[in-house]
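Novice: Got chain A sorted already, so can you dock chain B onto it with the hints?
If you read the sequences in order, they're chains A and B. For the first sequence, this note's numbering puts the final residue at 354, and the numbers step up evenly by one. For the second sequence, this note's numbering puts the final residue at 392, and the numbers step up evenly by one.
Fair warning: there could be bad hints in the mix.
Ranges between beta-carbon positions, derived for each pair [claimed, not checked]: (1) F29/B x W101/A: 24 to 30 Å; (2) L148/B x R343/A: 30 to 36 Å; (3) G294/A x R358/B: 46 to 52 Å; (4) M313/B x R218/A: 37 to 43 Å.
Okay, the calculated bits of chain A under chain B, using three or more residues with CB under 8 Å as the criterion [said to hold, decoys possible]: (5) 167 to 175; (6) 185 to 198; (7) 201 to 214; (8) 316 to 329.
Just so you know, these hints were derived from the structure itself, not from any lab. Think of the CB as a built atom: it goes at the ideal place given N, C-alpha and C, for glycine as much as any other residue.
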Amino acid sequence: MTQTADSGGRPTGGAAAEPSTLLEARGLTRRFGGLVACRDVDLRIPSGGIVSIIGPNGAGKTTFFNVVAGIIDPSGGTVEFRGRTLISRPRRTWLEPVFWVLPAAIVLLVEYLLGTFSGDEESISLGAIAVIAVLAATLLTAIIRPRWYSRFIDRFGVLRSARPNDVVAAGIGRTFQNIRLFQNMTALENVLVGMHLKLRSNLGDHLISSRRQRADEEAATRRASELLALVGLQGIENELAKNLPYGDQRRLELARALANDPVLLLLDEPTAGMNPNETAEMTALIGRLRSDLGVSVLLIEHDMRVVMGISDRILVLDHGEQIAEGSPDEVRRDQRVIEAYLGTGAS
Amino acid sequence: MSAIAGSTAGSTGTDPGLRARLRDFSNRHRSITVIVGMAITAIALPLIVLLPPFSSFSGQNIWLDGFTIAGIYVLLALGLNIVVGLSGLLDLGYAAFFAIGAYTYAFAASPFTGNEFPFWPMLLVGALMAATFGILLGAPTLRLRGDYLAIVTLGFGEIVPIAILNSSKYTDGPNGIGGITPPSIGDFLFPTTGNPWPFYLTMLALITLSMILIYRLQDSRLGRAWMAIREDELAAAANGVNTVTTKLLAFALGASTAGLAGVFLASKLQTVTPNLFRFDVSFTVLAMVVLGGMGNIWGVAVGAFIIFMIQSVFLKQLNLFFDNVNVPILSDIDFLQYQFLLYGVALVAMMLLRPEGLFPSRRRRRELHTEEDAAFGELGDPMGAAPK
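For reference, chain A alone in the conformation it holds in the complex:
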């Protein structure tokens, strides 16, 4: 492995002001039809901690991950992140279309009544234009001022499902079990996409190529190169992601996940398909992320040497149920864990 890049100026986690619990999942459940992929899973990640989830295939590890990452909605339970509820079951989402249709319907009705009373055909067709205008106005408000919009619908008890980008904005980055890089973009561009939320320039800046836009891009490119160096990928900035060797792709995905300066990283089998040498390097890298950048890590992993080596706490899932939770030593001795992995002994 190579030297660590300078990470100066970056806020490190674990400061005194931060709550000691970074993420807390309570009773997280997800059903797919009759199948319960995840049942009542509780998990607490302390600031600066490395927590692993293990379990046999099909135990619901990735489902749990996807719920925390906002990709699928939970059927029950909540996830709190930095003291704020980030994920919970969507409520009254059926009400949302009403907000869209209602103003337009009112306008239409008013226009129709006016039209019938005055007998003027003109006003009926003006009504159609008014309806389109109202729809467009609602839409633009929802897009340009999403916060107003969510506050407004919140007043009516509507809770939309969290989107993956909201989770990223809260400070959680993730990698995928099957590498999902932007294959036809260069390594540098991949990291720059990861930096999307860090860049503050808006559409106007893009169009006039303002000073802010150029400064933004320059800083982002510099930071992206730093991140690539941090994961040991310097010098391959302009290679297409798909042309990189497998191990490098894993690292590039990690660099991309780090680009948004997350406080928590969700790593889905970061050493899958790696040889022992690469695995050791990746393990060291994950450890360094915590010590140098102060990033907490939630890890899914099958390789027990990795899990036992770097985890503070381990959560064991089997058939969607949480069968054990504790330090590596406790988990190793837990009877139910041994049974889940090796089967029940003949007695």
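Specialist: Relative to the frame of chain A, chain B by itself:
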């Protein structure tokens, strides 16, 4: 940003040093390159048509008129390139936005409505109007992908001309709106016949402006987000890209370019009819984008220009030529009628022989010709699909 285009010197020319330096310059100063390129085009085109093979077809004025109309298609192709080439959203109803732009200006400046708004601000209004409809179409269809999105946009592309056709009270139905005011600068009204230069130069200015703006978008974080969505939507969302607004912006900005083209078309032809915006326009523009080289702004522009010239000049000349030499069967064929057959053949041939288009972006060329470079077989999916 030079970082986007990459600075891996790959091609070997006669003078690699000069070429590399030129490319580096054009990557760093995109706007200057576009302006210089378009200026050269503006001067070269009128001169070329004075030379023998071209000058025998028709006079310079008629050529320039043709170039102006070709420019409208170039604008359309540039706009569709944002939606299809950059963001990977297949839009088969693009002509609808073209129609909305054209009718916006027709309502704003014609004896039919009695309004007399000036042309220049209406360019902006037409673009905004089309963008609004782009968002209205985009919002409910955002969850759709690939083929499904194509079908919905196809429907929208059909609905708009039919709606215009049927609301004859407001649009005069199939007759269209005539007598639209041409643009003017001060007291100078653009001549509709005779001198083609004002329209020609205006068109070139519009294309230059659009190209500069689209280049800037492509090199910004928005452009990267578009490409990320094209590559892998889920991964883009998991990296903080708001896929909803990003896709809506692609729709809106693509549509606004079509709106711009529409306003110009209405002022150039002085008349708009629903027939001008049928499905064949959407299809032609899509063919231009694909043949020109998806994602490459210059490639798409040049591709659109060449295809338009082939359909409006070459085929006509072919008819005249065979009429004159009196070849028994060929002189009976109306080549103009076989336009779409030719598109179809060209598209199929293209997909087989040169899938990256005539003038591919360097990115796409690498994308489609890297089987031999992909060192790791398990990941070297030649079409670049994300492993599922």
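Novice: Each hint: holds or not?
Specialist: Here is how each hint holds up against the structure:
no.: 1; hint: F29/B x W101/A: 24 to 30 Å; verdict: violated (57 Å)
no.: 2; hint: L148/B x R343/A: 30 to 36 Å; verdict: violated (45 Å)
no.: 3; hint: G294/A x R358/B: 46 to 52 Å; verdict: holds (49 Å)
no.: 4; hint: M313/B x R218/A: 37 to 43 Å; verdict: holds (41 Å)
no.: 5; hint: 167 to 175; verdict: holds (count 4)
no.: 6; hint: 185 to 198; verdict: holds (count 11)
no.: 7; hint: 201 to 214; verdict: holds (count 10)
no.: 8; hint: 316 to 329; verdict: violated (count 0)
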